[in-house]
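Take these sequences, add in the hints, and give me the full structure.
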Amino acid sequence: MMQHTGPANPLTLHLNLDAPENLASYEQAGGYQGFKAAIEQTPEAVLGTIKDSNLRGRGGAGFPTGLKWSFVPPKKDATETRYLVVNADEMEPGAFKDRWLMEGAPHQLIEGLLIGAHTISANVAYIFLRNEYSVAASRLQSALDECYEAGLLGKNILGTNLCLDIYVHTSAGRYICGEETALINSLEGKRANPRAKPPFPQVAGLWGKPTIVNNVETFFNLPSIIQYGAQWYQDLGNHKDAGTKIFGVSGRVKSPGLWELPMGTSIREIIEKHAGGMCDGYQLKGYLPGGGSTDFLLPEHLDTPMDYNEIGAAGSRMGTGTITVLDDQNCPVEAVLNLVGFFAQESCGWCTPCRDGLPSATYVLQQIEQGKGKMSDLDFLEDICELVAPGNTFCALAPGAAEPLQSGLKFFREDFEKHISEGCCPYH
Amino acid sequence: MNPITNGNHQLIQTDKDQQNEQLTLEEQEEINHLLEHYPDPGGATIDALKTIQKFRGWVSDGAISALAAHMKLPLANVESVATFYNLIFRQQVGETLVHPCNGISCLLMGYRDIQTSLKQNLNIKEGETCPKTDITLISLPCLGACDKAPVMFVRQSNRSKHPETDSLYENLKPEEIAGLLKQLSTENNNKEGAEK
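Heads up: the protein sequence lines correspond to chains A and B, in order.
The first sequence begins at 2 in our numbering and counts up one residue at a time.
The second sequence begins at 1151 in our numbering and counts up one residue at a time.
Hints may be right or wrong, so weigh each one.
As the list claims (entries may be wrong) - Partner residues are not named here, just some residues of chain A that face chain B (Cβ under 8 Å, in silico): (1) PRO74; (2) ILE158; (3) GLY249; (4) PHE343.
If you are wondering where the hints come from, they were derived from the structure by calculation, not from laboratory data.
The beta carbon of each residue, even a glycine, is placed where N, CA and C say it ideally should be.
Here it is, written out as structure tokens:
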């Protein structure tokens, strides 16, 4: 029954940024086959395939998707509402993959949601979209309208018991909404402060009902996993992690962009081959492997495979898989200041280490960048990193802010010291 | 901050005035439609605030109070949401919003020069509105177009005849800013001309 051969690029198979496929052309190109295969199986069987595929959440944390979904309790009665939420509030500094996927293949996201709805018996889904992504919003809405008309959404989809309504919810701009419990508060019309866990959203999420929140790219993976099977998906990876991933590079490289590549592709291959290497006259100084909340890595780490555990062992995180390169003419202090300043601004203010620690760090970094820093400021910044370490804060925002700060202090210490000893920024 | 004032229009309202403000039928209709998407009226709060903003350009105290009454929500709930998000404006902004991206990739690729050029050409500070062109400058965090850095998001609204038009300017150079601003303010003037 299961085919072991399938496409090498399941995420971008249908991608067309100039004119995304409409329902008819998406179906003609094999779209909705994954969903049709799913509804012929029991939800348990579909969940089993997702578990066996080793798909890990593509939002940044890399939590196994099948395991996350298995925590949803059995349905109490047929009328119980359950929610699926797409985290499409892409605001991680340096991340630009979800916009690309949604603008290029809106139907693939809907197909992923339909598979999810069948698996956890959800009947309502919200696409929590960033306000500025207006192109994605209108393309998704047209795709949704087509699906309603064709009976792929609404009541008794394709003659089955499955009912699903999908709404596009555009947010109003706050990074903290990417944290899943803060996102749930935001959807309920509250300030987007994170919630205490437990209870976990799978048990009591949106309006107290079982809720699954996953990233756009995670849902994009589902149709082909169901269509071609877990083994095929696992075999796509180059290293230990399964499947393909959207990797990207921005900064002063010859051809910045996004590519679908096997998990485990080396950072060197992504930067040097796909992004064409550094622009002439610029040297690679360091890079953030997966967005603003990941630790800097150095040229010596270039041969690390982009694999959740391998990047972790190198001292950083895979994050969103979109690499930002720092060249030898960029000031690392200014880069760290920009990132920490962003997190300070975006703190929801709920817990003290984040609300007070990040603005203090931002102020001290500003002083250093302006040539008014003291050597003791570096110790102060290290103290702040400890203050906002995991376990001391309510959510992952402040620990994320500490990642570029602590690694910046470690790897670019000379630059920080030069700012202080010379009393000015050597780069500006 | 220097909000545009319409002649002698009083910006500071008394509580009594605040409660006198009402939603238009058009606003009510759109908000009622949004309420259908959620099992609880609270869910529609952000959408409703954006609806108000679409028609009025910004969200005043009076509008919050009218909205809370219409949605049967506590005033404090609506206010707490209205003050939380970057893109809900609690004071007047221009009909054209220019949002250069200050995310990490745009910073590394030249955001500072773009921002400086915008400030100089409009003769305003960050967060202010240029009275001549009705353009407001607000830098935004990473706009998710890092491979085309530096980028700028522009939202133009024409309050009597929406919808808003959004555009994203990519691979910007500081020397392009003056021409771009001229084009944006002419588009504004043309729209006003068409209304009359």
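Hint check, ILE158 of chain A versus chain B [nearest Cβ-Cβ separation less than 8 Å]: Result: violated, 19 Å to nearest chain B Cβ.
Minimum beta-carbon distance criterion (8 Å), PRO74 of chain A to chain B: violated, 19 Å
Satisfaction of the PHE343 of chain A interface hint, Cβ to chain B closer than 8 Å: holds, 5 Å
Cut-off 8 Å, beta-carbon criterion: hint that GLY249 of chain A touches chain B: holds, 7 Å
Violated hints, in rising order: 1 and 2; the structure is consistent with all others.
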